[in-house]
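Kindly generate the complete structure, drawing on both the sequences and the hints.
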Amino acid sequence: MISIIDYGAGNLKSVYHALTKLGFQTQIASTVDQINNSDALILPGVGAFKDAMNHLNESGLVDSIKKNVQFGKPILGICLGMQLFYEKSYENGEWDGLGFLEGEVIRFNDNLKVPHMGWNNLIPGPNYNPDKGIGKQIGNAEYTYFVHSYYVASKNKEEIVFFSDYGIKLPAVVQKNNIYGMQFHPEKSSETGMTLLKNFGELIS
Amino acid sequence: MLAKRIIPCLDVRGGRVVKGQKFQNIVDVDDPVNLAKMYSELGADELVFYDITASNEDRDIFIEVVEKTAEQVHIPFTVGGGIRTIEDFRKVLNAGADKVSVNSAAVKNPQIIYEAAQKFGSQCVVLSIDAKRNEQGNWSVFLNGGRVDSGKDALEWALEGVRLGAGEIVLNAMDTDGMKTGFSLDITKRISEGVNVPVIASGGAGEMQHFLDVLKEGSADAALAASVFHYGEINIMALKEYLYENGIEVRRIRNDSSNR
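If you read the protein sequences in the order shown, they are chains A and B.
Numbering follows the numbering used here, in which position 153 of the first sequence is assigned residue number 153; successive positions increment by one, without gaps.
Numbering follows the numbering used here, in which position 68 of the second sequence is assigned residue number 68; successive positions increment by one, without gaps.
Heads up, some of the hints might be wrong.
To be verified - Under the rule of at most 30 Å between Cα atoms (straight-line distance), these lysine-lysine pairs were calculated in the DSBU-like manner:
hint, chain 1, residue 1, chain 2, residue 2
1, B, K91, A, K13
2, A, K169, A, K155
3, A, K21, B, K68
If you're looking for bench data, these hints aren't it; they were derived computationally from the structure.
Laid out in structure tokens, this is it:
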């Protein structure tokens, strides 16, 4: 069972429909029991970092998410959900994240159109393997759908499975042990997105 | 590199996709969910659903269309038409839309852009502008399907919309809408280079060359069209190949079907 964590941060149905279509048992989860009893977790997120972090703290789920992640349960952060995995964000202030991964969330340079919105391609990073893991069967330069105004300045480049290029090279897919992040929306990224979600779902042993 | 987007627009009335010219002579085309799926498979980058009904009964049918589309189609889509309040935003977002576009209601009450951006994030607030050259030859924002001149300058309004929190602009040039004579390049270029959010050009697509022109000379980030796609005059997959061959960065769909 894959749990999509519901902490009041937007619509989760698209992710739910995509996983269900792929044949994975999926639920929208808002209790500690649901999170403890699932095989993998998905942390979605849209909107502002501070609001999302506040919602997450108020949900009372943070401790159980942290424990499950410590025990090695696969977790996938999508878009803002991925950004929440890092130590700190500078979105309209300075806010602490969950600290699963090392790095900071910063804003795009103003000489670019912001948000970075639309289809951009995936450039293999140090952590890419076409034969296994999250990047399995994803070729060079496939496109996924991005919508974000902030991006991750990652401290550990070796965690990066795919970059994307928008003025700077930004982490698009990251992985460290059981922790996975996608800056774009796989549930909105057509076949490429479905393949990435399938790869995540297949991590469940 | 960020790709330029091709976006089919589906005008929906009574649960069906329809098409008219300059907002008139409306005829039935197809089932919206079927069309959405087909376009997605052909490589459409996004979809826009436009509710052209007024009655509450039809509004409920429209919401069902949005829900079904979100279930079956895995590319982003925008919903517009009849969006007047924050509650309208919430309804279509909950039904599964990724973005919501406001038009006349925002001209009458610009604060709705600000409130929606605060509440749901700029990424889902699209300002749709119906622009037409007025008698003085200036591009003015029109209301009520192009019948009333609001007196606002199109570029000024786009800039104000972005300041208030719009994350994207759809520029519908009404002079060329439905005429198939090409997009209005000058106003598209002016707005696209004037604002720091993506601009979608709309109105006037008739042939492939028009798309190339507006994405290149018009500096648009995306191009939207309806009838040329609905009637099969332009095939989206062929259009993207054409654009690619002409040096435009576009997302071409993957050929392998090994893992489907």
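Hint numbers not upheld by this structure, sorted from lowest to highest: none
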